[in-house]
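*Asks:* Residues per chain, in single letters:
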Amino acid sequence: MTVKYAYYPGCSLEKTQRGYDESVREVFKALEQELIDIDDWNCCGATVYMSVKETVSLAVSARNLAIAETMGLDVLAPCSSCFTVLSKTNRILNQIPELQKDVNEALAEGGLTYSGRTRVRHPLDVLMNDIGLEAIRTRLRRNLNGLNIAPYYGCQIVRPDKTFDDREDPALLDRMFRACGGKVVYFPMKVRCCGGMLMTTFEETALKLNKELLQCAQENGADVIVTTCPLCHFNLEAYQDRINDAYGTAFAMPILYFTQLLGIALGLPSKSIGLDSLFLPLGEKITSLAEATYA
Amino acid sequence: MTHSTLALPGLMTQSEAELRQAFLRQVDIIPAGENIKRCIQCGTCTGSCPVSYAMDLSPRQLIALFRAGEMETIMKSRTIWICASCYACTTRCPSGIKITDIVYALKRLAIEKDRKPGAPQVRLLATLFVQNLMKYGRLHEGTLIRKYYMKTGITRLLGFVPLALRLHRTKRLALFPKRIKAYTSLSRIIRKAQEIEMRTAPEPLPYSPEFVGYRGLGDLKLESRKGE
Chain A
5 MTVKYAYYPG CSLEKTQRGY DESVREVFKA LEQELIDIDD WNCCGATVYM SVKETVSLAV
65 SARNLAIAET MGLDVLAPCS SCFTVLSKTN RILNQIPELQ KDVNEALAEG GLTYSGRTRV
125 RHPLDVLMND IGLEAIRTRL RRNLNGLNIA PYYGCQIVRP DKTFDDREDP ALLDRMFRAC
185 GGKVVYFPMK VRCCGGMLMT TFEETALKLN KELLQCAQEN GADVIVTTCP LCHFNLEAYQ
245 DRINDAYGTA FAMPILYFTQ LLGIALGLPS KSIGLDSLFL PLGEKITSLA EATYA
Chain B
17 MTHSTLALPG LMTQSEAELR QAFLRQVDII PAGENIKRCI QCGTCTGSCP VSYAMDLSPR
77 QLIALFRAGE METIMKSRTI WICASCYACT TRCPSGIKIT DIVYALKRLA IEKDRKPGAP
137 QVRLLATLFV QNLMKYGRLH EGTLIRKYYM KTGITRLLGF VPLALRLHRT KRLALFPKRI
197 KAYTSLSRII RKAQEIEMRT APEPLPYSPE FVGYRGLGDL KLESRKGE
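Chains A and B, in that order, are what the protein sequence lines are. My numbering puts the first residue of the first sequence at 5, with every later residue one more than the last. My numbering puts the first residue of the second sequence at 17, with every later residue one more than the last.
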């Protein structure tokens, strides 16, 4: 059954993280779900804006929720930061009527109003809880047998509030890739922070955090780390060289969006899920999987 | 001259009292913000924080210093700027304290009261981010990073050339920022929200020694929420 979602790509998926955007779109298409872009969406404000102005940050992020409300659809937000900020805005506006009134007064300047009914969803939640493993299983074309996967959830899709998975030991990615035939390795740092924007402001600290993540995955035999967040992906992938320089390590760990690895298992063509946008070589196992033909 | 509250046991300086009052007002708008009263100083927050080793004050110490009437010390720290907002502390706090939101409140307070930040580069990045959003409606990462490194060290910008080339090769580099269509409508929303923010700022209460300890909380809605 086709379900529609109001798609909110967010700023980083527009270009720098096009691999995430393309793979989300393709995977949803393959599973017969329809994504309709939220018309003329604006930046959610990320975590930065919250630290500057309260009412303004709520209004900026609520503009997107208001537009989605006119579409009458759940919002699908793949970026962890967008997901957290939009969810948080939603929660605050629903809990504090005075703030909702203030925000609506501001939104009225743009001819919009928001009653608080839009639901904000993450693709991992929708894939596992709405579409479901059964539906995914019937469409699998390639078996991930032999691939060792470190599932990296990061911080913002599971915290601060219990949303759709456990906050300390989430399991949805684990279950998804086990169902695809892969081996999910022990990865105790699955919800540990990558430092996010600290890579720009406190580089040394962020390099150390990411080095620990890579080391943990490598020591547990992972062939690949899958992520759910553009910032985690960028820090782990684009800075891997710098980590190797700083620590004298020799990491060559491919970093994939979970939707890219799922796309491979669903038999989608490499280019359509943005595998050509990655910096690091995918390694023998993933390359042969992604090129494997299927009946 | 810097004031030390230790010189006047049980009392606090006017600037400290005003900071405290403004902080408590921020805490008041955080859902379950009043749980800050329940801190047992167990240090679970510090132990859970992936960056506490790089802080000058630990998250636990932030709350201890607030209690001790040392808001000025908190304002000067790097701690509030180094928090990456991963919510590990908030998730684990046995007293349900919204520590990450409290750190956000402290950042807003430091900006509002124009305190010299302990890590000016973070504040710079936040300011540039907001400018970028105001100008285009969407974030253009290239512009943000370029402006940031122009101000913090042009040589580091050169270090980004290989990364930019890599992004270009993989068709991930947007050279120019793009404005959203409803840009003027978004600006009007932001202007109005700013107006509302000014309007809803409550009158400061007169200075009184009662701001010591948690009696200061009594002046806010927190007290009335206790019975809920």
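Among the clues, some could well be false.
As the list claims (entries may be wrong) - Computed cross-link-like contacts, DSS-like style, restricted to lysine-lysine with a CA-CA straight-line distance of at most 25 Å: (1) Lys215(A) / Lys275(A); (2) Lys187(A) / Lys289(A); (3) Lys197(B) / Lys167(B); (4) Lys167(B) / Lys151(B); (5) Lys187(A) / Lys19(A); (6) Lys19(A) / Lys151(B); (7) Lys151(B) / Lys197(B); (8) Lys92(B) / Lys129(B); (9) Lys19(A) / Lys92(B); (10) Lys167(B) / Lys132(B); (11) Lys187(B) / Lys33(A); (12) Lys194(B) / Lys151(B); (13) Lys19(A) / Lys33(A); (14) Lys197(B) / Lys19(A); (15) Lys53(B) / Lys19(A); (16) Lys8(A) / Lys33(A); (17) Lys8(A) / Lys19(A); (18) Lys53(B) / Lys166(A); (19) Lys197(B) / Lys275(A); (20) Lys289(A) / Lys275(A); (21) Lys163(B) / Lys53(B); (22) Lys19(A) / Lys187(B); (23) Lys132(B) / Lys163(B); (24) Lys163(B) / Lys151(B).
By construction, these hints were calculated from the structure, which means they are not laboratory data.
*Asks:* Would you mind marking each hint as holding or not holding in the structure?
*Replies:* Results for each hint:
1. Distance restraint check for Lys215(A) and Lys275(A): the Cα-Cα separation of roughly 29 Å exceeds the 25 Å cut-off, and the hinted pair is therefore not satisfied.
2. Taking the CA atoms of Lys187(A) and Lys289(A), the gap is about 13 Å. The hint holds against a cut of 25 Å.
3. Between Lys197(B) and Lys167(B) the CA atoms are separated by roughly 30 Å; this puts the pair beyond 25 Å, and the hint is violated.
4. For the given pair, Lys167(B) sits about 19 Å from Lys151(B) by alpha-carbon distance, which is consistent with the 25 Å threshold.
5. Note on Lys187(A) and Lys19(A): the hinted pairing is violated, with a Cα-Cα distance of about 31 Å set against a maximum of 25 Å.
6. A C-alpha spacing of about 19 Å is found between Lys19(A) and Lys151(B), which places the hinted pair at or below 25 Å, so the restraint holds.
7. For the given pair, Lys151(B) sits about 12 Å from Lys197(B) by alpha-carbon distance, which is consistent with the 25 Å threshold.
8. With a CA separation close to 12 Å, the supplied pair Lys92(B) and Lys129(B) stays within the 25 Å bound.
9. Distance restraint check for Lys19(A) and Lys92(B): the Cα-Cα separation of roughly 38 Å exceeds the 25 Å cut-off, and the hinted pair is therefore not satisfied.
10. With a CA separation close to 17 Å, the supplied pair Lys167(B) and Lys132(B) stays within the 25 Å bound.
11. At roughly 23 Å between alpha-carbon atoms, Lys187(B) and Lys33(A) fall within 25 Å of each other, so this suggested pair holds.
12. In summary, the hint linking Lys194(B) to Lys151(B) is supported, as the alpha carbons are separated by about 10 Å, within the 25 Å threshold.
13. Our distance criterion of 25 Å between C-alpha atoms is met by Lys19(A) and Lys33(A), whose separation comes to about 20 Å.
14. Note on Lys197(B) and Lys19(A): the hinted pairing holds, with a Cα-Cα distance of about 18 Å set against a maximum of 25 Å.
15. Between Lys53(B) and Lys19(A) the alpha-carbon distance is near 45 Å, which puts this suggested pair outside the 25 Å criterion.
16. For the given pair, Lys8(A) sits about 11 Å from Lys33(A) by alpha-carbon distance, which is consistent with the 25 Å threshold.
17. The hinted pair formed by Lys8(A) and Lys19(A) meets the criterion: a straight-line CA distance of about 24 Å does not exceed 25 Å.
18. Distance hint between Lys53(B) and Lys166(A) is fulfilled; the C-alpha atoms sit about 23 Å from each other, no more than 25 Å.
19. Proposed proximity of Lys197(B) and Lys275(A) is contradicted: the alpha carbons are some 30 Å apart, above 25 Å.
20. For the proposed pair Lys289(A) and Lys275(A), the alpha carbon gap of about 17 Å is at most 25 Å, so the pair holds.
21. For the suggested pair Lys163(B) and Lys53(B), the alpha carbons sit about 41 Å apart, so the restraint of at most 25 Å is broken.
22. For the given pair, Lys19(A) sits about 8 Å from Lys187(B) by alpha-carbon distance, which is consistent with the 25 Å threshold.
23. Between Lys132(B) and Lys163(B) the alpha-carbon distance is near 21 Å, which keeps this suggested pair within the 25 Å criterion.
24. Between the alpha carbons of Lys163(B) and Lys151(B) the distance comes to roughly 14 Å, so the proposed pair stays at or under 25 Å and holds.
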